[in-house]
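Turn these sequences into a full structure, and let the hints steer you where they fit.
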Amino acid sequence: MEILPILSALRRNKVGATLVALQIALTLAVVANALSIIQNHWSNMRRPSGMDEENIFTLQNHWVGQPENLRASIEADMAALRGIPGVVDAAATNAYPLLGGGMGWRISTKPDMRDGPSASTTLYLQTAHGLDAMGLKLLGGRWFRAAEIGEWGMNLKASPSAVLTLALASKLFPTGNPLGQVIYLVGIDSPVQVIGVVDRAQAAAPAPAFGDPRTEYSTFLPFQFVNNGLAYVVRTRPGQLLAAMRATPDRLSRITRQRVIDLLGPFSETRTRAYRIQKAESRLLGAVVGLLLAITAFGTLGLTMYWVSQRRRHIGLRRALGARRADILRYFHSENLLIAGTGVLLGVAGGLGANLWMAAHLGTARMSPAYIGTGAVMVLVLSQLAVIWPAFRAASIPASLAARGL
Amino acid sequence: MSGYYFHLAIRCLRGNVALTVLIIAAVGVGIGATMTVFTVLLALSGDPIPAKSSQLFAPQIDVWGPAARRPGANADPRLPDMLTYGDAVALMQAHAATRQAAMYGISQIILPPGREPIPSGGRATYRDFFAMFQVPFHSGAPWSAQDETAHRNVIVLGAKLAAKLFPAGDAVGQEVTMEAGAFRVVGVIEPWNPQPAFYDPSGSAFFRNEEFFLPFTVAIEHRIPGGWLSCHSSPGSDWAGRLKSSCVWIQFWAELPDAAAVRAYRQYLSNYAADQRRSGRFGWPPSVQLSNVRQWLQIEHVVPDEVRINALLALGFLLVCLVNAVGLMLARFAGRSGAYAIRRALGASRLDIFLQCMVETALVGALGGGLGLMLTALGLIGQRATLHYTSADSSRLTHLDTSIMTLTLIVAIGATFLAGLYPAWRAARSPIGWQLKEQ
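These protein sequence lines are chains A and B, in that order. So in the working numbering, the last one in the first sequence is 463, and the numbering has no gaps at all. So in the working numbering, the last one in the second sequence is 479, and the numbering has no gaps at all.
The hints are all genuine.
With a Cα cut of at most 20 Å, we get these calculated SDA-like pairs of lysine to any residue:
1. K336(A) with R348(B)
2. K284(B) with I245(A)
3. K204(B) with P231(B)
4. K336(A) with V343(B)
5. K336(A) with A351(B)
6. K71(A) with W465(B)
7. K71(A) with S366(A)
8. K336(A) with G422(B)
9. K284(B) with G210(A)
10. K204(B) with V317(A)
11. K204(B) with D319(A)
12. K336(A) with I421(B)
13. K284(B) with G244(A)
14. K336(A) with V347(B)
15. K71(A) with A374(B)
16. K167(A) with S274(B)
17. K71(A) with S470(B)
18. K336(A) with D345(B)
19. K71(A) with R466(B)
Footprint (simulated), chain B over chain A, 3 or more residues, beta carbon under 8 Å:
20. 76-83
21. 86-93
22. 239-246
23. 336-347
24. 417-428
I should point out that these hints are in silico values taken from the structure, not numbers from a laboratory. A quick note: this is a predicted structure, and the numbers were derived from the prediction, not measured. Cβ atoms here follow ideal geometry from the backbone N, Cα and C, with glycine treated the same way.
The structure is reproduced here in structure tokens:
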């Protein structure tokens, strides 16, 4: 590489070179941060809920006018759903992962949150059928038995036992076995025994855009939620979801037509609903990244074309003095590498700085070095691609041009 | 003279089509991306009720005490953002503001005779709500004070629900049956959907639709629960228990027209909290807060951080496009330095050259702005499609109105103008003789 001639040529074109370097630096900073945010959204959208998602459909049921015996109506609906061919189990609950809303509560290992570790958790009221209906993975201990299930009407009650997610159990009991330990729901001072731990169950509220460990802090309590307005969770055998889901409205209205069934659909629809904003944002950012790279590439192309046209006689002279076409090509590619490399160095610094600032002020995730690395390579390759045509044009300048000017 | 420059500019633009297209595309795409994100940001952080945002106030009372805000507990460090039922009723009865309304969101299934039931969301509130928030009425009027005190079953319908229930004609005077009973329609409002829905911090501030309004007292009497309940102790075991509990679930807004009224209301709130402490309800120094709409949106953190981040990225994007434009413009003017030198030699001043370059720049800016406008519209359609904004009245979030359009053009021309300054200055300063010699 003939660094010195390039440098001395650049000295005569400081502004142009600075502009390209600056543009590349800015592009890299924006692209790396945007990629990191897109990746963050994607990992949120794909975070497993802990349920057997492939085989679950859900619906919201609301009876028109309060039924005489709410609990009996719920049981009748559940029996009907479990009778549909292909259904593994069904449960009526206050909420399920990603539904949105949900019951939030503070729990602690000590009454009144004194001194002990505490956490904000989503409360899921579940019956003995809950484990099978949601398809959760029990890591230790046991699930609720039918005899333990209480009734939860409008308001909170003392609970004898609870099943926690692994994430919550490790937060509350960082050392030692959570099984058999006692937790307290704030405001209700009676002890709740931890009888089981499930691998994973996401909170009812979708993961917020930027890191929140509470996303998997969920607590199951042994209650039938007795309320007009319930979420039904139905799990089917593989491959039978659609058939069972289509049979559901008819089967339920055979019990009574006095009801509104809302949001009947496979769990994937719940997921889509929960993350629609993050998805839209990812698309917008993706489009921005693509356009930005295109703009930078074309900008580099345009400016290099101009430099070539400025230096036609200089190039002709070099050709006349014995430079081969490959030398001219190499000259322009090297020059571009030098400028873009400077831009990349600036961009790495700027991108990391911007990321740190956003992490401190806006709570975004810290960007992994992989993104800035990927971005740097992308920008370098792109700008090399952008000079192919101008360099080719430069290389085809005839040596005779030099003679003409003299 | 400027007509001549304009003519020259067009000729120059046509002279090097590839470069011209490139510059215009760079400016247009930059503007388009930036304005798309910016429009969403504006819609999200806009003042939902500009005429009165400084006169509407939400009170907060420290009903849970400092223990609930213990920093180590990682609990919400703010005062509760809603009121208990008891406090809301006390504030209503005190009538210390010009207008005031307690409220909470409810849902009901409407039962039109002989048709499918319609689940819908609405609001239980007081009649001052309508005047206070400037809700436009299509027909009828808010219910009367007597309706409120007599707990009459009256209802105000939203525009869409009214059209659905009574497609034939005026709904006022008709009866609507829902789960809670039969209600007489006293008014129908025009489509009304302030963005963000600042008055209710529970649930989403942007996907709310008030389809009907009931008197607060009637909703309480019918035991229609709200969707939201925030507690630091047991909410009791029945409806009466809930009304007595320290759970917060009622929103409250007061209209205070001037600084004196605000001072007086603040004093009233402090006195109220002090009374509560004297009566033994609060075991801690009383603490209250009174915020107007703008302060309230800050407290509630209504604009999500993601949107700010997107705006930052979009700004970075615009910057790249502008740097790009500066470079290309520089190339463009420098490539024509010979022509400028001839004009200078024929007597044009440096200012003339500079002006000629700037006219050309402005033209590029205008064209880029037009492209940017189209791209913004496209971007917003894309946003709308992915967000499932189906109904016309919730599309305000991503709506391209004339003010945004004007702003886009101004930003485009202003930005290219800035980008053109240095290249034009350079072009105007290039020496005559040297350039001519090169010809």
